[in-house]
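Peer 1: If you read the sequences in order, they're chains A and B.
Here the first sequence is numbered in my numbering, starting from 165 and rising by one per residue.
Here the second sequence is numbered in my numbering, starting from 165 and rising by one per residue.
Calculated directly from the structure, the hints in this document are not laboratory data.
Glycine is no exception: its CB is placed at the ideal position from the N, C-alpha and C atoms.
Each hint should be verified, as a subset may be incorrect.
Non-contacting residues of chain B with respect to chain A, defined by C-beta distances greater than 10 Å in every case (computed) [stated by the list, open to error]:
no., residue
1, N173
2, T175
3, V181
4, Q192
5, L250
6, I251
7, Q254
8, L273
9, N275
10, L277
11, N318
12, S339
13, K388
14, T405
15, T411
16, K432
Simulated restraints, written as ranges between beta carbons of each label pair [stated by the list, open to error]:
no., chain 1, residue 1, chain 2, residue 2, range
17, B, K216, A, E417, 44 to 50 Å
18, B, R427, A, T175, 39 to 45 Å
19, B, L423, A, A178, 57 to 63 Å
20, B, R427, A, T300, 27 to 33 Å
21, A, K314, B, K259, 54 to 60 Å
22, B, K432, A, P356, 47 to 53 Å
Listed here are the chains, written in short residue letters.
Number of protein chains: 2
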Amino acid sequence: MIIVGELINATRKAVKVAIEDRDHAFIQKLARDQADAGATYIDVNAGVFVEKEAEYLNWVIDNVTEVTDLPVCIDSPSSNVIEEALIHFQGKSNKTPMINSISLEKEKLENILPVVAGTDLRVIALCMNDKGMPHTVDERLETADKLINKLLQNNVKTENIFVDPLLQALASDSSCGVTFLTSIERIMNAYPGIHTICGLSNVSFGLPERGFLNQTFMAMAIAKGLDGAIANPLNEKMMATIVTAETLAGRDEYCMAYLGAYRAGKIK
Amino acid sequence: MIIVGELINATRKAVKVAIEDRDHAFIQKLARDQADAGATYIDVNAGVFVEKEAEYLNWVIDNVTEVTDLPVCIDSPSSNVIEEALIHFQGKSNKTPMINSISLEKEKLENILPVVAGTDLRVIALCMNDKGMPHTVDERLETADKLINKLLQNNVKTENIFVDPLLQALASDSSCGVTFLTSIERIMNAYPGIHTICGLSNVSFGLPERGFLNQTFMAMAIAKGLDGAIANPLNEKMMATIVTAETLAGRDEYCMAYLGAYRAGKIK
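Excised from the complex, chain A in its bound form (with noise of 0.2 Å):
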């Protein structure tokens, strides 16, 4: 599973605030934590800071790259700070970061696509397109079709794409955790060796008890093939609930991260 840890985002006020103060520790913990808590990638968006975006991000990404080897996942809606955060990182770490995000939205796939265009970046496909959030589970396979067929033909490879199918809140719609769930399954079905990829906090919003229907939502997800997720590591009954789905869902020989999470006192 591949985890993009989202705490580093601008939009949450204490990271906001540590950028705007240059808290170095601030960011710093963060991203080692999350490295710490087993994430894959670390997200950073600064995307909130309109003019300095792509000064803040840079700064963002020396801390980062101080404290972890892991490579970060640039989060912005501007293709010049993607581009310009992306060589910085690049200056800084030999490691393929990903890019957040593309999607068939005419503007957003003109700008994003020569970025990503024969190389070895991965890449968040969004679902979406000019008409704004797709409603069934059909509009968003032929969003995903469309939008993975460009990335192809641009050379980027299959296995470097992760569909996000886009989830909406239960509380509006009850049918729309599984509409997510039936496109996760047949995007997974439809494209041999793509990933999916969701933050999946968005289908409690408006309900109580948010944290145990995003993590029972998560078992399920990864029951219907979803292998990559934008979360809070730190969260512990979360990835306490993947890695055990994980290993439910047969991708863990012998039970062998389960153990080990058990052991290490993750499973409780």
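Starting from the known structure of chain A, fit chain B onto it as the hints suggest.
Peer 2: Using the frame of chain A, we list chain B on its own:
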């Protein structure tokens, strides 16, 4: 979700002793507690009493029907005992019981099939034949197909059939979870209107933190279409997982069941 409350089973020491001692209060409390906790059927099993199984089972049924209107799930390897218990239950209740179980094993099939043929009884159909436990998904599907056809030909309605694909211990074969999950999905897709059911606790045999494994696997199985479980309704975490997973699987319009369970303090 159909929940067959599994607690009144004489393979459990305390239940065996209670039956031998004619301890009405003990058996009645188990029946009432399971009904209050959300069971749909009360499993009754006195199979350890070889000579007196029928007599003891009828006594158990007397106690169950005294405290709850729920139908029983008559659980015996013997068709004679099942027939006797069935007549006994039908003298006390107008509810339709479930029979646990039939399989493709020659003797079981020949003996149990006449009991359920042409009736409205619900029946658990094990994916087992005379070669023993199945190994692959295909073996399960092949046995399921033959058994379902036998039942249909004998005028058992599709919606009264609960297929149990049989679940083995992950500790001895790390692919048995995914084998089971795939079987559930293929059975539910191949026979519209049919049900699947299983006791899930086998999966965690020999591993630590079994409760968490079982609970996580329940969510995964519900994602794949499982709509029946032989379980302990007094296990609050398991019951919370079932309600939550059903809501996430789109089986709970407007999240009413989830919100009701939350308000009743059942989601923690």
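Peer 1: Could you work out which earlier hints the structure fails to respect and list their numbers in ascending sequence?
Peer 2: Structure breaks hints 12, 13, 14, 15, 16, 18, 19 and 22.
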